[in-house]
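First to last, the protein sequences are chains A and B. Throughout the first sequence, residue numbering follows our numbering, covering 1 to 498 in sequence. Throughout the second sequence, residue numbering follows our numbering, covering 1001 to 1110 in sequence.
If you're looking for bench data, these hints aren't it; they were derived computationally from the structure. On a predicted model such as this, the values are computed, not experimentally measured, just so you know. Glycine included, C-beta positions come from ideal geometry on N, C-alpha and C. Accuracy of the hints is not assured; some may be wrong.
Partial list, derived from the structure: chain B residues whose beta carbon lies under 10 Å from chain A [unchecked claim]: (1) L1023; (2) P1085; (3) Q1097.
Cβ-Cβ distance ranges computed for the label pairs, FRET-style [claimed, not checked]: (4) F296/A x A1084/B: 44 to 52 Å; (5) R1080/B x I331/A: 45 to 53 Å; (6) A1084/B x D342/A: 50 to 58 Å; (7) V41/A x A1092/B: 17 to 25 Å; (8) S157/A x T1032/B: 39 to 47 Å; (9) G421/A x R1080/B: 38 to 46 Å.
Here are some of the chain A residues that sit facing chain B, going by a computed Cβ distance under 10 Å [claimed, not checked]: (10) P297; (11) P303; (12) I304; (13) P306.
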Amino acid sequence: MTTTELVAYDDAVARYDPVMGLEVHVELSTVSKMFCGCATVFGAEPNTQTCPVCLGLPGALPVTNKKAVESAIRIGLALNCEIAEWSRFARKNYFYPDMPKNFQTSQYDEPIAFGGHTDVVVDGSTVRVEIERAHMEEDTGKSLHVGGTTGRIHGASHSLVDYNRAGIPLVEIVTRPIEGAGANAPAVARAYVAHLRELLRGLSVSDVRMDQGSLRCDVNLSLRSSPQAPLGTRSETKNVNSLRSVERAVRHEISRQAALLDAGQRVVQETRHWHEDTGMTTSGRSKEQAEDYRYFPEPDLLPIAPERDWVDELRATLPELAAVRRARVQIELGFTDLEMRDVLGAGALPLIEATVAAGASPASARKWWLSELARRANDAGMTLEDLPITPAQVAGVQALVDAGHVNDKLARQVLDGVLAGEGEPEEVVAARGLGVVSDDTALSAAVDRAIEANPDVAAKIRAGKAAAAGALIGAVMKEMRGQADAGRVRELVIEKLT
Amino acid sequence: MTGPGSPAQAVTSPITRDEVLRLAQLARIDLTDAELDHLAPQLAVIVESVAAVSSVAADDVPPSSHALPLQNVFREDETRPSLAPEEVLRGAPESEQQRFSVPRILGEDA
Ligand SMILES: [Zn+2]
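Isolated chain A (complex conformation) (with noise of 0.2 Å):
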C-alpha cells in the first residue's frame, strides 16, 4: 500500500492515543544450542555449528539445554512473573527456509513465565511496565539474498542460508498493551528496553548486543480517537536493533499511521520493516491473509515441571536488580535526581557508596570523587577507579577536615601525598606537616598581630561590622600559610573584638 505524507508527531499525538506492544527477543549466552550440542559463536564460517538435529534431520533427537531453562526462569523471576508449573514446547509450523524442520520449536499456550511487571524509570517518574509472558524459543538461520543491489529479497535471484544461528536458545518477552504513555510513547519504549538490558545484563543471561543481534526489538503499534476508543488496528515493526531505532520506530509509526487514519484509510494489520537509514517502515507480510501456525506440543521433547525448590534456588541467585538497587542507593545516600545523575555519569557509584562505608558523609564523598579526584584522573587520563588512592583514605582524608586538623585546601595536598604513594593521610599530615595549626596560643597571637596591622578594620569590626572580619581572618591565614583553621580564626577575630 502507498503511505501518504506523515503527520507531524505533536499534531499526531494531540489527536491519537498510542497503545504500544513490545516483544524482545534475547538470544540466551549458553555455549551450547537450545536443544543439541551445538557450538553457539557469534562469526563462526558458516554451517559449522550445525548437526542433525538443528538441520531437523529425519529421526534427530532434540534434548532441552538445562542452563537454557534455568536462564528463563531467571529472567521470568527477575520480571515477577508466575513460574509455570507445567510448561510444554510447542511446534510452530511454517515453510520459510531460515528454518530447515519446517518448523520452529517455541512456547504457545503454556509458557515457561508469566504475569509479571517491571518498573522502568521514564524522565525521572516510574512507569510500569506489564509483562504477559516470557516464552523460550529457537533462533532461526540467516539467510543471504543474493543477486540484489541491497542485499534484501526484492530483486534477488535467490537466498543463501547459514543454519550456525538455527537452535541458539533465546526467550521472547512480550508486554501486555502499554497504555497511556501519549506523546511520551518513544520515551518509554526506548527506556524500557534499555531497563531490560541492564536486567538481562545483571543476570548473566546474555551479552545483550543489539548490535549483533543478541536482544532483539519488535514493536507492535496501534493509534486510537481517545484513551476510551477500542483498540485499533496494529502494526508490527520487527527487529529494531538499536535503543534510538526503538524510539524512532515508534515515532515514526505513530506519524505513519495517523496520516492514515486522517485520510480516512485503514492501518493494515501487517509486518513492516524498519530501516536505520530512512528512519521510516516498510510493508512486509500482511497478516490478514498470511500465517496459521497450527501450534501443537512438541512430542519430541518432554514437558518442563519446575519443582517449587528448584524455582526458589534460582530466585536466590537473582541479583538486585540494578534500577532497584540504585533508586534504593540514591534514597540512602540522600542524592537529588540530578547529582545521582552525574555520579553514575562518572562511573563513581561503587567508589562513593564504599567512601561511605568507610565512614565519610555522602555529601563530602561526592565532593570528593566528582571534583578533585575527578579532575586529576582527567588529568591523568585515568578512570577513578584507577587512581591510586582507595575509598578508604578518602575517607580519612574527610576525617581529617571533620577533626579539624586539616582545612580543604590542606586536604587536597593531602590527597596529592596519598596518590603519589606517601602513604595513608595521617602519614602525609606529619611527613609534609601539614596539620592546621590550632594551637589557640599561637593563634592568638597571630590574630593579635592582624589587629595590629589594620586598626581601621579592627575598629569597623568593634562598631558591629561582623562581614569586615574576613580581611582579618585572610591576614591570618597568610600568616600561617594556610595551615589554620578559618573558621577558629574567625571566632578568635570576634571574640577579641566584640
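Mind docking chain B with the ligand on chain A? Use the hints.
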C-alpha cells in the same frame, strides 16, 4: 509474534478441498485442480483415522503429548562436535559460499 491464533484442535469435520488449497499455499506447494481433488479425500481419511483415537479416550484419560509420563529431561550446557560443513551441505540441492542455496521466496522480505 506468537499471539493468539488457533491451536491445532481436534478435527471433527472432514478436511475440505479449500483447506488443502490453503495449506498448500502456506507450504508454498503448487497443486493442480486434479491434485487437489485427489489429495483432499485422502487427507480426510488420514485425519478421520487419527481422530478415532479420541473416541477411545475416556474422561479419565488426560490428553497427553507423549507416550511416557516423563518430564524434566535435560542435558547439561556442553558442546559436542558438529558435522563438517561438507557433510551438512551434502543433502542440499545446491550450495554456494558454504551455504544452502534456496529459491527466493516471493512476498517475503527479511
Ligand atoms: Zn546442532
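Task: Closest C-beta approach of Q1097/B to chain A relative to 10 Å, hint status - done: 6 Å, holds
Task: R1080/B versus I331/A beta-carbon gap, inside 45 to 53 Å or not - done: 50 Å, holds
TODO: Let me know if the C-beta of L1023/B comes in closer than 10 Å to any C-beta of chain A, holds or violated.
DONE: 8 Å, holds
TODO: For the hint on I304/A, just tell me whether its beta-carbon gets within less than 10 Å of chain B.
DONE: With a closest approach of 6 Å, the I304/A hint holds.
TODO: Verify the interface restraint on P303/A: the C-beta must sit less than 10 Å from at least one C-beta of chain B.
DONE: At about 5 Å, which falls below the 10 Å cut-off, the nearest Cβ of chain B leaves the hint on P303/A intact, so it holds.
Task: chain A contact restraint on P1085/B - CB to CB distance below 10 Å - done: 5 Å, holds
Open item on the list: Holds or violated: the hint that P306/A contacts chain B, with Cβ atoms closer than 10 Å.
Closed with: Holds. Min distance 8 Å.
Open item on the list: Against the range 50 to 58 Å, how does the distance between the Cβ atoms of A1084/B and D342/A compare: consistent or not?
Closed with: 56 Å, holds
Task: Distance restraint hint 17 to 25 Å, applied to the beta-carbon atoms of V41/A and A1092/B - done: Once the Cβ atoms are compared, 22 Å apart, the range 17 to 25 Å for A1092/B and V41/A holds.
- [ ] Take the C-beta atom of S157/A and the C-beta atom of T1032/B, compute their distance, and say whether it sits inside 39 to 47 Å.
- [x] Cβ of S157/A to Cβ of T1032/B: about 26 Å, so the range 39 to 47 Å is violated.
- [ ] Against chain B, run the beta carbon of P297/A and see if the smallest gap drops under 10 Å.
- [x] This interface hint holds because 4 Å falls under the 10 Å limit.
TODO: Kindly confirm whether 44 to 52 Å is satisfied by the beta carbon distance between F296/A and A1084/B.
DONE: 34 Å, violated
Violation of the numbered hints given earlier is confined to hints 4, 8 and 9; the remaining hints are satisfied by the structure.
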